[in-house]
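There are 2 protein chains.
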Amino acid sequence: MSTENGNKKLTPVSELGEFGLIKHLTKNFSLKHRSSIKGVGDDAAVLYHQEAVTLVSTDLLIENIHFDLIYTPLKHLGYKAIVVNLSDIYAMNGEPQQITVSLGLSSRFTVEALDELYEGIYAACQRYNVDLVGGDTTSSNKGLIISITAIGTAEAENIVYRSGAKVGDLICVSGDLGAAYLGLQLLEREKEIFLADSKVKPDLEEQTHLVGRLLKPEARKDTIELLRKHRLQPTSMIDISDGLASELFHICEQSQVGCRIYEENIPIHPETHQMALRFRISPTTCALSGGEDYELLFTIDPKYRDELDDLATYGIRVIGNIVPQAEGKKLYTREEVHDLIAQGWKHF
Amino acid sequence: MSTENGNKKLTPVSELGEFGLIKHLTKNFSLKHRSSIKGVGDDAAVLYHQEAVTLVSTDLLIENIHFDLIYTPLKHLGYKAIVVNLSDIYAMNGEPQQITVSLGLSSRFTVEALDELYEGIYAACQRYNVDLVGGDTTSSNKGLIISITAIGTAEAENIVYRSGAKVGDLICVSGDLGAAYLGLQLLEREKEIFLADSKVKPDLEEQTHLVGRLLKPEARKDTIELLRKHRLQPTSMIDISDGLASELFHICEQSQVGCRIYEENIPIHPETHQMALRFRISPTTCALSGGEDYELLFTIDPKYRDELDDLATYGIRVIGNIVPQAEGKKLYTREEVHDLIAQGWKHF
Numbered sequence: 007m008s009t010e011n012g013n014k015k016l017t018p019v020s021e022l023g024e025f026g027l028i029k030h031l032t033k034n035f036s037l038k039h040r041s042s043i044k045g046v047g048d049d050a051a052v053l054y055h056q057e058a059v060t061l062v063s064t065d066l067l068i069e070n071i072h073f074d075l076i077y078t079p080l081k082h083l084g085y086k087a088i089v090v091n092l093s094d095i096y097a098m099n100g101e102p103q104q105i106t107v108s109l110g111l112s113s114r115f116t117v118e119a120l121d122e123l124y125e126g127i128y129a130a131c132q133r134y135n136v137d138l139v140g141g142d143t144t145s146s147n148k149g150l151i152i153s154i155t156a157i158g159t160a161e162a163e164n165i166v167y168r169s170g171a172k173v174g175d176l177i178c179v180s181g182d183l184g185a186a187y188l189g190l191q192l193l194e195r196e197k198e199i200f201l202a203d204s205k206v207k208p209d210l211e212e213q214t215h216l217v218g219r220l221l222k223p224e225a226r227k228d229t230i231e232l233l234r235k236h237r238l239q240p241t242s243m244i245d246i247s248d249g250l251a252s253e254l255f256h257i258c259e260q261s262q263v264g265c266r267i268y269e270e271n272i273p274i275h276p277e278t279h280q281m282a283l284r285f286r287i288s289p290t291t292c293a294l295s296g297g298e299d300y301e302l303l304f305t306i307d308p309k310y311r312d313e314l315d316d317l318a319t320y321g322i323r324v325i326g327n328i329v330p331q332a333e334g335k336k337l338y339t340r341e342e343v344h345d346l347i348a349q350g351w352k353h354f
Numbered sequence: 007m008s009t010e011n012g013n014k015k016l017t018p019v020s021e022l023g024e025f026g027l028i029k030h031l032t033k034n035f036s037l038k039h040r041s042s043i044k045g046v047g048d049d050a051a052v053l054y055h056q057e058a059v060t061l062v063s064t065d066l067l068i069e070n071i072h073f074d075l076i077y078t079p080l081k082h083l084g085y086k087a088i089v090v091n092l093s094d095i096y097a098m099n100g101e102p103q104q105i106t107v108s109l110g111l112s113s114r115f116t117v118e119a120l121d122e123l124y125e126g127i128y129a130a131c132q133r134y135n136v137d138l139v140g141g142d143t144t145s146s147n148k149g150l151i152i153s154i155t156a157i158g159t160a161e162a163e164n165i166v167y168r169s170g171a172k173v174g175d176l177i178c179v180s181g182d183l184g185a186a187y188l189g190l191q192l193l194e195r196e197k198e199i200f201l202a203d204s205k206v207k208p209d210l211e212e213q214t215h216l217v218g219r220l221l222k223p224e225a226r227k228d229t230i231e232l233l234r235k236h237r238l239q240p241t242s243m244i245d246i247s248d249g250l251a252s253e254l255f256h257i258c259e260q261s262q263v264g265c266r267i268y269e270e271n272i273p274i275h276p277e278t279h280q281m282a283l284r285f286r287i288s289p290t291t292c293a294l295s296g297g298e299d300y301e302l303l304f305t306i307d308p309k310y311r312d313e314l315d316d317l318a319t320y321g322i323r324v325i326g327n328i329v330p331q332a333e334g335k336k337l338y339t340r341e342e343v344h345d346l347i348a349q350g351w352k353h354f
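Chains as they are written, first to last, in my numbering: chain A, 7 to 354; chain E, 7 to 354.
No wet-lab data here; the hints were simulated from the structure. Incorrect hints may have been included.
Identical copies go unnamed one by one, so any copy, or any two together, can satisfy a pair.
Under the rule of at most 27 angstroms between Cα atoms (straight-line distance), these lysine-lysine pairs were calculated in the DSS-like manner [as the list claims (entries may be wrong)]:
id, residue 1, residue 2
1, 29, 336
2, 172, 29
3, 172, 309
4, 205, 81
5, 227, 81
6, 33, 81
7, 222, 38
8, 172, 205
Bound conformation, chain A alone (with noise of 0.2 angstroms):
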C-alpha cells in the first residue's frame, strides 16, 4: 500500500518483496560489455575476461560510518559507492566492467528512496561504462549498508602493483588532495549548528569543490588513459583513500623501500588552504593525512621525467622520489625534514 507523504508518493519495500525489488531497481540497466554474460537474476553472474586476467575489489559501506544520511543525498551516495570501488580497479591500470550491489535495508527506506540510490549507481555505471551485474538485497536491523564489488580486466603485463616502486622513481599524485577532508569537517560543523536550530540554512556556497570531493568523488579513469596515450607505465600505483602518508606507506612497506616528498609540491587546491587555515588546521596535514581524495599516487621511472613534466597541465604533479628503505620516509619542508607519520583514517 502506497501512502501519499506531501506530492510524493512512498512505497514501502515490503509491497515489492525482495525479487520485485531487484527488478524493479535494475530494470533500467542493460549490459554494455561483451564480457558480461549473465547480469542479474541468476545464482551467479557470469563473465568472459577471455585472455585478460580479472581483477576484482571490494568495500563496506556502513551508515553513520562511512556516510551520513543528513547531508549526504542519496543519489550521490550511490554515485560514489561505485566510484571508490571503480577508483581501486584504475589503481591496478585495470578497465572496470562490472559491479555487484549488495544492500542491506532498514524499514525506514521506501522504494522511492532507493530510487534515488539507484540513479547515483546508474549514473556512475554511465560514466564508467559499467556493468551491474548482480547483488544481495535483504532487510537491516541498523540502517543503510552497501557492499560493493568492482570487476575488471587488465592485460597481465599492463597490472601495477603497490610493490613494484624502485630507488630513484619519481613520485606522482593526480589531482590535489585534502579537500574531501575539509569538506566533510565543513558538513559536520553546519551539521551541528543545524541540529542546534533547524533554522540556520548551512551557508557552504563558496566551498562547492570542498563538498564536491567529498560527496561526489570521481575515479581518475582520465589519469589512467593519459598514462596509457603516452605510454607512461608506472612502477607501482595506489589510489588516494585513507590519505597520502599512508598510502606512501603502503606503497613502500610492499617495494621495500623509503620515499622523500617535498611539501611545496603536494598539490593542494587554494579553497582547501583557505579552509584548513580557517579551521586552524595545516593544509599539508589535511594532504597527507585526510583521505578520501581517491586521486592517484604512482611511481615512474625518472627516465620519463619530462613526458611528466608535460603532464603538469593535466594535474600530473611529481612530488617526491624513491629512495633505499634505510633512509626512510621523509617529508622535506622548506626550512626542515620531518618522518611521515601515517594516520589515515581510523575506522577502529
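With chain A's structure known, arrange chain E on it following the hints.
Showing chain E alone in chain A's frame:
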C-alpha cells in the same frame, strides 16, 4: 593493551589497527589456485581464469537478521558464510576458486573472537579448495556485518542457468529439505527458555541433524561432481536457500514452464518429520517454505531416468516434472492437487 578475561587473553581490534588486523587474520591463508595471481594486499585481487568464464556471487549477512550469536558459534558462522556463497557457484555448475570477505565490526568483537570466525572461514576454504583473495575490514556501529563475494570458473558450455528447463524434464533435488528451518525454530525456542532462566541447559542432543543443518551447512560439491562423473548435465539448476517452492518458482518463471511436484517424493529426514509434528507444522510446508537447505534443485532430460534412479543411493531424488506453463505449478498429494505457493524467506 590486552586484558585478561578468566584465562583468556582478549585483544581489542584497535591494538592491531585495520591493516594489522587484516594481516593477522589472513596470515595462515595461502593461495592454492594457479588462477589466484594476487590475493590480499593490493587495491584489487588479480585472477586469471584463462579461457574459462568467471562466475561471481555475493551475499550480505547482518547480525540478528541472518544470524544470532546467542546460539551461533563464530567458527560455525565463518564456515557457513563461505559455504552458502560457494553453493551459488555450484548451482551454476561451476567450480568456486576464490572468495573475498568484508567485515563490519562493532567494538565488542575482540581479535580472539575474529580468530574464531576466521578459523571457520579457513576450514571452509580448505574443505572446498578456495582461496581468500581480498576484502575490507571496517568498524560498525551495529554488531557484525559480513559480506562475501564468491568467484568461480566454468567452461562456457557447462554453465547451467535457471532458464533452461524444458517441458518433460525431470525435477530433482539432492539431500533432504526442511531440516535447517526446524533447527532454527528449535534454537529460537531454546533461546527463549535460556533468556527466561539462564540455569536451564539446552536440550538439543537428539536434534543433531536439525541443528547441524542450520549451523554448519555444506554446499553440494559432491552432487556436482557426481553429475559430472555420470555425464548428466542438468538443463536448469538453482540452490535451495529460500525453500523448495520459491526456487521452483524461479526456475519456472525463467524457463517459462510449469511444474508438477509429488509430495511423497519430497525428501524429508526422519528427524525433520518428527520435529515438524512436535511443532505442529506440516513437514511438507517445512520443505517447501523453510529455507537455508543449500541443497541443489535441478531439471534433467527424461532420457536419463535410469541413470538418475541409480543416483538415488547418493541421495538424488526425482520429485516431479516440468509441464507447460499453462498447467501452472502444482503439488500433488496422495489425495489432492494444490497450487504451489512461494513464501520463501521474508526478509522484508
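We went through each hint and held it up to the structure:
In the homo-oligomer, the alpha carbons of residue 29 and residue 336 lie at most 27 angstroms apart only across protomers (25 angstroms), although the nearest pairing inside one protomer, at 53 angstroms, exceeds that limit. When the C-alpha separation of residue 172 and residue 29 is checked against a cutoff of 27 angstroms, the pair qualifies only between copies, where the shortest distance is 24 angstroms, while the shortest distance within a copy is 49 angstroms. In this assembly of identical chains, the alpha carbons of residue 172 and residue 309 lie at most 27 angstroms apart only when taken from the same copy (13 angstroms versus 63 angstroms across copies). Taking the shortest alpha-carbon separations for residue 205 and residue 81, only the intra-copy value of 25 angstroms comes in at or below 27 angstroms, while the best inter-copy value is 51 angstroms.
Taking the shortest Cα distances, residue 227 and residue 81 sit within 27 angstroms of each other inside one copy (21 angstroms), while across copies they are farther apart (41 angstroms). Within a single copy, residue 33 and residue 81 get their C-alpha atoms as close as 17 angstroms, which meets the 27 angstroms cut-off; across copies the closest is 39 angstroms, which misses it. With identical chains, the CA atoms of residue 222 and residue 38 are at most 27 angstroms apart within one copy only, with a shortest distance of 24 angstroms there and 39 angstroms across copies. In this assembly of identical chains, residue 172 and residue 205 lie within 27 angstroms of each other by CA distance neither inside one copy nor across copies; the values are 56 angstroms within and 64 angstroms between.
Consistency with the previously given hints fails for number 8 only.
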